[in-house]
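For the sequence shown, the UniProt record's numbering begins at 1 and goes up steadily by one.
Since the hints were derived computationally from the structure, they do not count as laboratory data.
Glycine is no exception: its CB is placed at the ideal position from the N, C-alpha and C atoms.
Fair warning: there could be bad hints in the mix.
As the list claims (entries may be wrong) - Here are the in silico distance ranges between beta carbons for each label pair:
| id | residue 1 | residue 2 | range |
| --- | --- | --- | --- |
| 1 | Ser62 | Glu224 | 54 to 60 Å |
| 2 | Ala123 | Trp73 | 22 to 28 Å |
| 3 | His183 | Pro156 | 43 to 49 Å |
| 4 | Pro189 | His80 | 51 to 57 Å |
| 5 | Arg190 | Glu132 | 35 to 41 Å |
| 6 | Lys127 | Arg67 | 18 to 24 Å |
| 7 | Pro189 | Ala77 | 51 to 57 Å |
| 8 | Asp161 | Arg218 | 40 to 46 Å |
| 9 | Arg137 | Ala77 | 35 to 41 Å |
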Amino acid sequence: MIVSHMAESAALAAQLPSMANMIPTPTPCTTSVNPASPSTMLPSFGFTQEQVACVCEVLQQSGNIERLGRFLWSLPACEHLQKNESVLKAKSLVAFHRGNFKELYRILESHNFSPASHSKLQALWLKAHYIEAERLRGRPLGAVGKYRIRRKFPLPRTIWDGEETSYCFKEKSRNILREWYAHNPYPSPREKRELAEGTGLTTTQVSNWFKNRRQRDRAAEAKER
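Take the sequences, apply the hints, and build the full model.
What follows is the structure, given as structure tokens:
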């Protein structure tokens, strides 16, 4: 079932270039049948809502933003289609990559997205605000700067379940790093990769943790002298 669904999605995505040529301008969605049904064929388009959602998901995963943008532009002006979560996620991604942050924020704040979509949409919200702040200040944001931005522009409840998000390492990850540090404060690149896999962190995060810990220990030793 899953395999056939993926195959159908890929086949639909492969049709996009010809579709974009066939549909030069969006058309209104007017039909006597129920337009809210995912399996209802969209007039003057040839795809159902379900198939449109599949294509949006496939193009998002492929990272082909230009192609995704062209596909979204070709969609008919159908109210039910414009409220489809896959379509809205695709529009959010395109708006982000085009630097249209006002449109991104509008989309994210106007629809209650499912929890499964929260993580990626939260990342878009935060990255967009970071970029805007960096442009204003003319320099990259540090950890403190990013913290202030998160406080100033909290996640909207449409993409957040209300629980506090921790931007620090989990205690389990800290314990693993502390135990290794006691054994060897200078892990090799291979050991860092293994630690990253074991803690769920990136290799860069692991490297920075060890570097910062060594600096703190050296500073503490200097004070004791």
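Each hint tested on the structure:
| no. | hint | result |
| --- | --- | --- |
| 1 | Ser62 - Glu224: 54 to 60 Å | holds, 56 Å |
| 2 | Ala123 - Trp73: 22 to 28 Å | holds, 24 Å |
| 3 | His183 - Pro156: 43 to 49 Å | holds, 44 Å |
| 4 | Pro189 - His80: 51 to 57 Å | holds, 52 Å |
| 5 | Arg190 - Glu132: 35 to 41 Å | holds, 39 Å |
| 6 | Lys127 - Arg67: 18 to 24 Å | holds, 22 Å |
| 7 | Pro189 - Ala77: 51 to 57 Å | holds, 54 Å |
| 8 | Asp161 - Arg218: 40 to 46 Å | holds, 41 Å |
| 9 | Arg137 - Ala77: 35 to 41 Å | holds, 40 Å |
The earlier numbered hints are all upheld by this structure, with none contradicted.
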